[in-house]
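Residue numbers (our numbering), protein chains in the order written: chain A, 568 to 794; chain B, 14 to 206.
Keep in mind the hints are simulated off the structure, nothing from the lab. Worth double-checking, as some hints may not be accurate.
Keeping only pairs whose Cα atoms sit at most 35 angstroms apart, straight-line, the calculated DSBU-like set for lysine-lysine is [to be verified]: (1) B:K107 to B:K163; (2) B:K188 to B:K16; (3) A:K602 to B:K163; (4) B:K201 to A:K602; (5) A:K612 to B:K138; (6) A:K601 to A:K675; (7) B:K16 to B:K165; (8) B:K206 to A:K596; (9) A:K601 to B:K16; (10) B:K27 to B:K185; (11) A:K611 to A:K601; (12) B:K170 to B:K188; (13) A:K601 to B:K185; (14) B:K163 to B:K181; (15) A:K611 to B:K163; (16) B:K49 to B:K107; (17) B:K138 to B:K185; (18) A:K718 to A:K670; (19) A:K611 to B:K137; (20) B:K27 to B:K146; (21) B:K137 to B:K16; (22) B:K137 to A:K737; (23) A:K612 to B:K146; (24) A:K718 to A:K729; (25) A:K602 to A:K612; (26) B:K146 to A:K602; (27) A:K602 to B:K49; (28) A:K611 to B:K169; (29) A:K601 to B:K202; (30) B:K170 to A:K611; (31) B:K152 to A:K596; (32) B:K188 to A:K612.
None of these values were measured; they are calculated from a predicted model.
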Amino acid sequence: MNSNELIERYLSNNLSAAERTSFELEMDKDPEFKKLVENYPVLKKVGEGILELELLNEFENATAGLNTDNPDKSKTKFLKVGLLVASVLLLSAILYFFRGKDKPSPEKTEEIFIAYYSKPINEDTFRGENKEKELSLDQAKTYFDLNQFDKSVEILETLLAKPSGENELKELEYYLAHNYLNIGRYQEAKKMFLSGNDPQKKCLIVLCDVLSGNLAESALEENCSAR
Amino acid sequence: MVKEEMIIAIRAGKSERDKAIKALYHNQLLQNGIKKIVLSNSGTEQDYRQILSYAVVEFMKKCITAPSFTVTSSIENYIIGIAKFLWLQELRKKRKDPQRIPEGYSVEDPSPRIDLLIANEEVKKSLHVILSKLGRNCKEVLMMWASGNKMKEIAKKLDYNSEGVVRKKKFKCMKELLDYLDANPGIKKSLSK
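With the sequences and hints as input, model every part of the structure.
Okay, structure coming up:
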């Protein structure tokens, strides 16, 4: 038995009579030991108090600067929020960057076409006059009116190599542009519209860009009036 | 960290204890339980933090000083039980009646006694004064002795040559402490209550 246990048993009256007598004899012989026994509870208290202060100090140091959220959860939460924000930003950037680069679907193209494109009407065709003419330009116009764009383009491209004059050139470009637009050759159509004098030039150029996927559909609202 | 790991970590030493403290500090059940007791009964956020720290300290002290100490329910419930006891004690001191103390938290056997010295401000002050007068070695020896370590363990942990050296050191420190307490009866009285 160590001296602490002996002292504690003595103080709590848990020693046998023989042990107690022996213990008290020891105290009588050694005044310092006696003083130690008499003050044992205070000394023990100081020792425990020092331990408590040390543990409190450890607690304060370990938790200094921490918030009470679970760090793993906080990290995960922070990471999740961060990733979400980053994803949204990235997606927005991608959408912004590519908003005009994806070609509209065929259904969408048709929808835009119907909303913003008016096919020029060649009144001669409906009067039946073109049938009698052998001029290739008129033939091309007729094919255009009959929605036979490929045939029309074939004639117009041939004529464009040797236009008879400035006026014909403008007319060839005008019809080529509309033909190209109708067969989905938007950038070629745009090129023709740019050099031509179509009264709807601005809108048609934007329309080519939208249908090519170079501009967002919203650009049409700014530059065209829907039909 | 499960219950057993937590108790082992607390007993293992400062570095492992730090991990246990952080785990307890971030424990949502513990936070909510103690907040409910303190904040619903006239306590402030500062009171809550103090009660949380004291309850954790008391729990750690039990783990360290009583080798056979175990918790039969959950550690959260046990610590909330300590917090409840400490806050009710505080309310009694302030002569305030508890309003909404939840049932169900109690510090169960085998260690139902809560004797956190630092919860008493006067004792805490006296301990700080004593601590400032003691040398580092004395502080460590007394703390380890109070923690229930045997002389052999103290010699090993504090790197003393033998148990005999530790015994002499402890005796010298106790004598020094008693001399100081004799010279400062006010402090001795506050510790004797």
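Outcome of the hint check:
With a C-alpha separation of about 41 angstroms, the suggested pair B:K107 and B:K163 falls outside the 35 angstroms cut-off, and the hint is violated. Proposed proximity of B:K188 and B:K16 is contradicted: the alpha carbons are some 40 angstroms apart, above 35 angstroms. With a C-alpha separation of about 22 angstroms, the suggested pair A:K602 and B:K163 falls inside the 35 angstroms cut-off, and the hint holds. For the proposed pair B:K201 and A:K602, the alpha carbon gap of about 14 angstroms is at most 35 angstroms, so the pair holds.
A distance of roughly 14 angstroms separates the Cα atoms of A:K612 and B:K138; the hinted pair therefore holds under the 35 angstroms criterion. Between A:K601 and A:K675, the direct Cα distance comes to roughly 102 angstroms. Violation of the 35 angstroms bound is thereby established for this hinted pair. Using a Cα cut-off of 35 angstroms, the hinted pair B:K16 and B:K165 holds, with the two alpha carbons roughly 29 angstroms apart. For the hint linking B:K206 to A:K596, the alpha-carbon distance of about 29 angstroms falls within 35 angstroms, and the restraint holds.
Of the pairs offered as hints, the one joining A:K601 and B:K16 is violated, with about 43 angstroms between alpha carbons and a cut-off of 35 angstroms exceeded. A threshold of 35 angstroms between alpha carbons decides the hint, and for B:K27 with B:K185 the separation of about 26 angstroms falls inside it, so the pair holds. With a C-alpha separation of about 15 angstroms, the suggested pairing of A:K611 with A:K601 holds against the 35 angstroms cut-off. For the suggested pair B:K170 and B:K188, the alpha carbons sit about 22 angstroms apart, so the restraint of at most 35 angstroms is met.
For the suggested pair A:K601 and B:K185, the alpha carbons sit about 15 angstroms apart, so the restraint of at most 35 angstroms is met. Of the supplied pair hints, the one linking B:K163 and B:K181 holds, its CA atoms being roughly 14 angstroms apart against a limit of 35 angstroms. Note on A:K611 and B:K163: the hinted pairing holds, with a Cα-Cα distance of about 14 angstroms set against a maximum of 35 angstroms. With a C-alpha separation of about 19 angstroms, the suggested pair B:K49 and B:K107 falls inside the 35 angstroms cut-off, and the hint holds.
This hinted pair checks out: B:K138 and B:K185 have alpha carbons roughly 24 angstroms apart, not beyond 35 angstroms. Distance restraint check for A:K718 and A:K670: the Cα-Cα separation of roughly 26 angstroms lies within the 35 angstroms cut-off, and the hinted pair is therefore satisfied. Distance restraint check for A:K611 and B:K137: the Cα-Cα separation of roughly 15 angstroms lies within the 35 angstroms cut-off, and the hinted pair is therefore satisfied. For a cut-off of 35 angstroms, the pair hint linking B:K27 to B:K146 stands: about 23 angstroms separates their Cα positions.
Simply put, B:K137 and B:K16 have alpha-carbon atoms about 30 angstroms apart, close enough for the 35 angstroms limit, and the pair holds. Proximity of B:K137 to A:K737 is assessed by CA-CA distance (about 100 angstroms); at most 35 angstroms being required, the pair is judged violated. Note on A:K612 and B:K146: the hinted pairing holds, with a Cα-Cα distance of about 16 angstroms set against a maximum of 35 angstroms. Restraint check: the Cα-Cα separation between A:K718 and A:K729 comes to about 18 angstroms, which is no more than 35 angstroms; the hinted pair holds.
For the proposed pair A:K602 and A:K612, the alpha carbon gap of about 16 angstroms is at most 35 angstroms, so the pair holds. Proposed proximity of B:K146 and A:K602 is supported: the alpha carbons are some 20 angstroms apart, at most 35 angstroms. Simply put, A:K602 and B:K49 have alpha-carbon atoms about 47 angstroms apart, too far for the 35 angstroms limit, and the pair is violated. For the hint linking A:K611 to B:K169, the alpha-carbon distance of about 21 angstroms falls within 35 angstroms, and the restraint holds.
Of the pairs offered as hints, the one joining A:K601 and B:K202 holds, with about 19 angstroms between alpha carbons and a cut-off of 35 angstroms not exceeded. Of the pairs offered as hints, the one joining B:K170 and A:K611 holds, with about 20 angstroms between alpha carbons and a cut-off of 35 angstroms not exceeded. For the proposed pair B:K152 and A:K596, the alpha carbon gap of about 29 angstroms is at most 35 angstroms, so the pair holds. Taken as a hint, the B:K188 and A:K612 pair is honoured in the structure, with Cα atoms around 15 angstroms apart against an allowance of 35 angstroms.
This entry does not satisfy hints 1, 2, 6, 9, 22, 27, going by the numbered hints stated previously.
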